[in-house]
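**Q** One-letter residues, chain by chain:
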Amino acid sequence: MMTYSDDHIALAAEYALGTLDADERALVETMMIVDPGFLEMVEVWDRTLAPLHQMVASAEPPSDLWEKIRSSAFPPKEHSPFTFSPETPAMEAATLDGVPEPVVGERPVPIADGEPEGDRTVVSTPVAASRGGRMFGAFMTAVAACLAAVISLQIYRPDLLPESLRIKPKIQVVEVKTPAPVPAQRVAVLQSNAAEPAFILTVDADAHGYTVRRVGAPLQQNRSYELWIVSGKLGAPRSLGVIDGDKFTMRDALAAYDPAIVNDAIYAVTVESKGGSPTGAPTSQPLWAGKLFESVPARESKP
Amino acid sequence: MSTSAELVWLLASVARGDEAAFERLYEATRAKLFGVVLRILRRQDLAEEVVREAYVKIWNSARQYNPSLSSPMTWMISIARNRAIELVRKRTEGTAEEQSNFELASDAPAPLSRREMTEELKRLLECVGRLEPEKQKLILLAYYNGWSREQLAAKFGIPVNTAKAWLRRSLIEIRACLGLA
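Each protein sequence line maps, in turn, to chains A and B. Using numbering that gives the first Met the number 0, the first residue of the first sequence is number 0, and each one after it goes up by one. Using numbering that gives the first Met the number 0, the first residue of the second sequence is number 0, and each one after it goes up by one.
Among the hints, a few may not be true.
Stated by the list, open to error - Partial list, derived from the structure: chain A residues whose beta carbon lies under 7 Å from chain B: (1) D5; (2) T18; (3) V41; (4) P50; (5) H52; (6) A56; (7) E59; (8) P60; (9) E66; (10) I68; (11) S71; (12) G208.
As the list claims (entries may be wrong) - Not the full set, but computed from the structure, chain B residues with beta-carbon under 7 Å of chain A: (13) R29; (14) A30; (15) F33; (16) V35; (17) L37; (18) R38; (19) R51; (20) W58; (21) S69; (22) A141; (23) Y142; (24) S147; (25) I157; (26) R167.
Honestly, the hints are just simulated from the structure, not real lab data. Built from N, CA and C at the ideal position, the CB exists for glycine as well.
Produce the entire structure from the sequences given, and follow the hints as far as they go.
**A** Below, the structure written as structure tokens:
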């Protein structure tokens, strides 16, 4: 078990506390996938801070929420939902034995400023926080410690890194042009911190192809940048191809993946030998990572 | 509030695919999860969506819950709160309505009497209480309102880098105080 610096510890703690911005969260989530020790540290912080919830006033959700949860959680089956549930006699007995019935909801206490009357037209779908992925390629496990150290050094102390790993501060304003909106258009900014975007990744509306624009990353002479899709659902990182020296690289490499995975995955860039990793797995630590954001929302098509 | 023991039992049944147990778990915990999430998102519709997703995740991953590590509420709150934070961080620009709520929400919730607190909470609050008063407030507002460093910096009238340094130092101190490995 490796020991972690205060920088790591603070990063894990701030993730659990919730103060990191979206890009830093994506980086932490990458580290959680590749480094089980770091994941555990985040989980310890989650558990440490969670008791604070006891001081938050309860609020009663709308009565139709249960129906929505039920229809999302239980896949539609032939049977009626009420015939499935087996009685659980032991549980009934426990209740009779004096374990109090749940009373939450009996006295709903509104939060301080009341509940905003909803305009309900904007429905954003939160992207799942990918905490999974404990199973991972042996190789990535080996580089995990290294990766975590490099990424956090890039965030906190870039001056400690050798020149070759330092990210040159190079800020450019990038305008992402998108076609007329019908399905959602998604964009990821791959970076090591918010001020230094290295690549802009745009995924086509059908989630089959992507375009990468090199922004802040320095041009490589004898090496190649390689783009990886990283998801707990995929196991090891999968290559999406080499990002050429050109400003724009377009490929159809996402067609093989489930759009849900494409939308939730983390995208990372490594520096590989010219032409890409010879093994099909990353041979160096990711220097930049990010998750997709909707840059243009899907046009609502409500029933 | 249901006892932790009953919730552990319900979660174990949920892990076996017991839909009735899942409904009871929902009945017992929905108001707390909704309260936590609504305080962060400050919009009923978004809070509903996040709580819906959180319960679907609880249903799908109940067998990963380990009662020796945390209480059921702690586990479920973490799932819901994490989703809420993820969503607010992605919605960078707030509406005017949300901006005004932002001001209204500036205070941490009223403290419970010690009698109502779990041992875990007492220990944590003792350690938070050892921080300087402003840093105590910083940590609590960050947790309750789900604020980013930028929002905290604006609230306290300090540069973002100072907010980051305060957070870092406070969290490291809390860790030492709790004796976390």
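**Q** Now, for every hint given, state plainly whether the structure supports it.
**A** Against the structure, the hints come out as follows:
1. This hint holds: D5 of chain A has a C-beta 6 Å from the nearest C-beta of chain B, less than the 7 Å allowed.
2. For T18 of chain A, the shortest C-beta to C-beta distance to chain B is roughly 5 Å, which falls under 7 Å, so the interface hint holds.
3. Contact between V41 of chain A and chain B, as hinted, is not supported at the beta carbon level, the nearest pair being about 10 Å apart and thus beyond 7 Å.
4. The beta carbon of P50 of chain A is positioned within 7 Å of a beta carbon in chain B (closest approach about 4 Å), and the interface hint is therefore held.
5. Residue-level restraint check for H52 of chain A holds (minimum Cβ-Cβ distance to chain B is 5 Å; threshold 7 Å).
6. Nearest Cβ of chain B to the Cβ of A56 of chain A: about 5 Å, under the 7 Å cut. The hint holds.
7. Taking 7 Å as the C-beta contact cut-off toward chain B, the hint placing E59 of chain A at the interface holds, the least distance being around 5 Å.
8. Interface restraint check: P60 of chain A against chain B, minimum CB-CB distance 4 Å, threshold 7 Å, status holds.
9. Annotation: interface hint on E66 of chain A violated; nearest CB of chain B at approximately 10 Å, more than 7 Å.
10. For the restraint placing I68 of chain A at the interface with chain B, the shortest Cβ-Cβ distance is roughly 5 Å, inside the 7 Å limit, so the hint holds.
11. Against a cut-off of 7 Å between C-beta atoms, the interface hint on S71 of chain A holds, since the closest Cβ of chain B lies about 5 Å away.
12. The beta carbon of G208 of chain A is not positioned within 7 Å of any beta carbon in chain B (closest approach about 23 Å), and the interface hint is therefore violated.
13. A hinted interface residue such as R29 of chain B counts as satisfied when its beta carbon comes closer than 7 Å to some beta carbon of chain A; here the least separation is about 5 Å, so the hint holds.
14. Given the 7 Å rule on beta carbons, the hint for A30 of chain B holds: about 4 Å separates it from the nearest Cβ of chain A.
15. Because the closest C-beta pair between F33 of chain B and chain A is about 4 Å apart, less than 7 Å, the hint holds.
16. Taking 7 Å as the C-beta cut-off, the interface hint given for V35 of chain B holds, the closest approach to chain A being about 5 Å.
17. Because the beta carbon of L37 of chain B sits about 5 Å from the nearest beta carbon in chain A, less than 7 Å, this interface hint is met.
18. A hinted interface residue such as R38 of chain B counts as satisfied when its beta carbon comes closer than 7 Å to some beta carbon of chain A; here the least separation is about 5 Å, so the hint holds.
19. The closest approach between the C-beta of R51 of chain B and any C-beta of chain A is roughly 5 Å, which is under the 7 Å cut-off, so the hint is satisfied.
20. The interface hint given for W58 of chain B holds, since its Cβ lies 4 Å from the closest Cβ of chain A, which is under the 7 Å cut-off.
21. Satisfaction of the interface hint for S69 of chain B is found here, the shortest Cβ-Cβ separation to chain A being roughly 5 Å, below the 7 Å cut-off.
22. Checking A141 of chain B against chain A: minimum C-beta separation of about 5 Å stays under 7 Å; hint holds.
23. The beta carbon of Y142 of chain B comes within 5 Å of a beta carbon in chain A, closer than 7 Å, and the hint placing it at the interface holds.
24. Taken as an interface hint, S147 of chain B checks out: its beta carbon lies about 6 Å from the nearest beta carbon of chain A, inside 7 Å.
25. Checking I157 of chain B against chain A: minimum C-beta separation of about 14 Å lies over 7 Å; hint violated.
26. For R167 of chain B, the interface hint holds, the least distance from its beta-carbon to any beta-carbon of chain A being 4 Å, beneath 7 Å.
Going down the numbered hints, you'll see the structure goes against 3, 9, 12, 25, while the others check out.
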